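Take the given structure of chain A and dock chain B with the ligands to it, following the hints.
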Amino acid sequence: MDIRDLWAEALAGVLARPVRSALTTLGTVLGITTLVITLGVAATAGNQIVGRFDELTATAITVEVPARPGGGPLVGWDSSAEVRRLRGVTSVSALAQTEESSNLRVTANDLVDPTRVTGQTLAVVAGDPELPRAARGRMVEGRFFDAGHVRRGDRVVVLGDQAARMLGVTRLTGAPAVFIEDRAYTVIGVLGGLGREQVLSTAVIVPPTTGAGLGLRNVTRVLVNTSLGAADLIARQAPVALSPNHHDELQVISPPTPKRARDGVQDDVNGLFLILGLVSLVVGAVGIANVTLVTVMERVSEIGLRRSLGAARRHIAAQFLLESTLIGMTGGVIGAGAGLVSVVAVSAAQRWTPVLDARLALAAPVAGALVGLLAGLYPALRAARMEPADALR
Amino acid sequence: MPDVMPDVIVLDAVSRVFPTDPPVRALRDVGLRIRRGDYVAIVGPSGSGKSTLLNTLGLLDRPTSGSYLLNGIETTALGDGARTRLRGREIGFVYQSFHLLPHRTVAENVMLAEVYGGHPRRHRRRRALEALELVGMSHRVDFPPGRLSGGERQRVAIARALMGEPALLLCDEPTGNLDSGNTEAVLDLFDGLHARGLTLLVITHEDEVSARAGRRVRISDGVLTEE
Ligand SMILES: Nc1ncnc2c1ncn2[C@@H]1O[C@H](COP(=O)(O)OP(=O)(O)OP(=O)(O)O)[C@@H](O)[C@H]1O
Ligand SMILES: [Mg+2]
Chain A
1 MDIRDLWAEA LAGVLARPVR SALTTLGTVL GITTLVITLG VAATAGNQIV
51 GRFDELTATA ITVEVPARPG GGPLVGWDSS AEVRRLRGVT SVSALAQTEE
101 SSNLRVTAND LVDPTRVTGQ TLAVVAGDPE LPRAARGRMV EGRFFDAGHV
151 RRGDRVVVLG DQAARMLGVT RLTGAPAVFI EDRAYTVIGV LGGLGREQVL
201 STAVIVPPTT GAGLGLRNVT RVLVNTSLGA ADLIARQAPV ALSPNHHDEL
251 QVISPPTPKR ARDGVQDDVN GLFLILGLVS LVVGAVGIAN VTLVTVMERV
301 SEIGLRRSLG AARRHIAAQF LLESTLIGMT GGVIGAGAGL VSVVAVSAAQ
351 RWTPVLDARL ALAAPVAGAL VGLLAGLYPA LRAARMEPAD ALR
Chain B
1001 MPDVMPDVIV LDAVSRVFPT DPPVRALRDV GLRIRRGDYV AIVGPSGSGK
1051 STLLNTLGLL DRPTSGSYLL NGIETTALGD GARTRLRGRE IGFVYQSFHL
1101 LPHRTVAENV MLAEVYGGHP RRHRRRRALE ALELVGMSHR VDFPPGRLSG
1151 GERQRVAIAR ALMGEPALLL CDEPTGNLDS GNTEAVLDLF DGLHARGLTL
1201 LVITHEDEVS ARAGRRVRIS DGVLTEE
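Which chain is which? The protein sequence lines are A and B, in order.
Numbering follows our numbering, with no gaps: position 284 of the first sequence is 284.
With positions in the second sequence counted from 1, the corresponding number in our numbering is that position plus 1000.
Next comes chain A alone, as it looks inside the complex (with noise of 0.2 Å):
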């Protein structure tokens, strides 16, 4: 038998009863299109929560700087430059607070309103000019200070947004002042935004070499941010390049890596939709199985007509097996358009970058022929076995 009259046959089978054969392809519609959207979205979800992650931890990495009783700094303020000409360095900064800095009474020179309170306590961190950047922030007002404030030890301080709220400091007009500890600062910017250190926008800071006069003489932290991928490299470069000699003694906190995080997020969305999917496969296979009993029953006189005609039992199996096939296979191909268009549309809703697999595309039908042919097996079977005489009286 030529295998292209195999397939007319099969297809013809196929299309003779188009409205039972199209009802009987819903069952792998419907577990392929469950399969596709499960393993798409979860594709396309995974990969937005590792985007966030990229963005904002998979980039970040902090050096605590302990401090030394009795010895020297670890860190000096321009250690930050030898990191910075690391590569895959975006920015670096190093900051200071300690244990008494962060309970530091500060007000507002409010002397319009005296029934406000408007003493607060404040942290006082001290900083190098690059911590805007550094910690992922804005100015929100004013402007930072820079190497020359730094230099000439100005009493300049920039405040956090919340701590700029809570001293009632709105407006940069008329150059404001807080007092900390009595002392009489200038009010220069205020820093909001920020995408990683939350701490600094309740907290007052200053110069380097202001903050030595605050006991914030030594670093204390080191914030490091790179570029995509260098992050794991990055945390084993800076503490040498931070301290030459005692790097051991700092401590990295790096994020993880961003595989991980992706593996995660897929084993917890996909488990049961993954069973889901597959009960339903298997729902569609018992009912392809079932209406192609059935049509070998009805066409039992065919069967007798085809051996009469010369029809050996292999090619009676072998056209049952393809039509069961075939709508197996239909199907796995509308589940996947299905499957697909849903992946996208939740995407869309979502405003995420759908993820489409093309092996789940081209696997999706080979998985639904599969059904098909596994669902054909019995009546195939039941087929090949009838007697031509019987068949046919």
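It is possible that part of the hints are untrue.
[Said to hold, decoys possible] Some chain B residues judged to face chain A by a derived CB distance under 10 Å, without partners named:
| hint | residue |
| --- | --- |
| 1 | Pro1022 |
| 2 | Leu1086 |
| 3 | Leu1101 |
[Claimed, not checked] If you want a taste of the chain B side facing chain A, the calculated C-beta under 8 Å gives, among others:
| hint | residue |
| --- | --- |
| 4 | Tyr1039 |
| 5 | Asn1055 |
| 6 | Gly1058 |
| 7 | Leu1060 |
| 8 | Asp1061 |
| 9 | Gly1081 |
| 10 | Thr1084 |
| 11 | His1099 |
| 12 | Ala1113 |
| 13 | Val1115 |
| 14 | Tyr1116 |
| 15 | Arg1121 |
| 16 | Gly1151 |
| 17 | Arg1216 |
To be clear, the hints were calculated from the coordinates, so they are not data collected in a lab.
The structure displayed is predicted, hence computed values, not measured ones.
Note that CB positions come from ideal geometry on N, CA and C, so glycine has one too.
For chain B with the ligands alone, coordinates are given in the frame of chain A:
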């Protein structure tokens, strides 16, 4: 034997017992010889074993005992596959109920006869149209069988049976579903085929049909007698 060409059918002591309870002896020690170009009618009451005989001759059923030579080939010793190939090559069937596939056109139904058994695909449609011309159905080539009259359907079925140029045409009550006019047309067609040298074996219980055959064989209770 002096003949170069063997006889088409040689049955010797063929029995067919259906293993029911009690067993049915549908054929008892049947002997039959049909020569090339014979036109034989098999008559007999209902349940006498006519269809069983035809199924045996058509290799659709195996005798319980005895010997059956088709074109000189001993068929009872053949396996399933060889019997199927022989059947497809040597025998054409015509049934009372036509057995046309309802969802295929007349031409496709006729072409079905060449789907199995290694016939070339080339010119298949042309050969089908020739067979349809032979039975006078050229004007309904692309009709679905459902729109044909009973006589037309049977002519299409005969065209299908003639497609593979069989040595033998086996017909089980070919006019059983037809009125006298259509019966006449089908019998005329058989006469024509007989005249062209085809070997014909027709089961019938109508005298009108059996009268046209050159030879009449009666079967009753599985026992065959020549008339
Ligand atoms: N598969 C079977 N199992 C058991 N008995 C059978 C089987 N097929 C036929 N028979 C019996 O064998 C006998 C002959 O049957 P057969 O079909 O050959 O009759 P027939 O001459 O063709 O009758 P009719 O003219 O009604 O078609 C009947 O008694 C029938 O009941
Ligand atoms: Mg009968």
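Outcome of the hint check:
no.: 1; hint: Pro1022; in the structure: 20 Å, violated
no.: 2; hint: Leu1086; in the structure: 9 Å, holds
no.: 3; hint: Leu1101; in the structure: 6 Å, holds
no.: 4; hint: Tyr1039; in the structure: 21 Å, violated
no.: 5; hint: Asn1055; in the structure: 4 Å, holds
no.: 6; hint: Gly1058; in the structure: 7 Å, holds
no.: 7; hint: Leu1060; in the structure: 4 Å, holds
no.: 8; hint: Asp1061; in the structure: 4 Å, holds
no.: 9; hint: Gly1081; in the structure: 6 Å, holds
no.: 10; hint: Thr1084; in the structure: 5 Å, holds
no.: 11; hint: His1099; in the structure: 4 Å, holds
no.: 12; hint: Ala1113; in the structure: 5 Å, holds
no.: 13; hint: Val1115; in the structure: 5 Å, holds
no.: 14; hint: Tyr1116; in the structure: 4 Å, holds
no.: 15; hint: Arg1121; in the structure: 6 Å, holds
no.: 16; hint: Gly1151; in the structure: 20 Å, violated
no.: 17; hint: Arg1216; in the structure: 25 Å, violated
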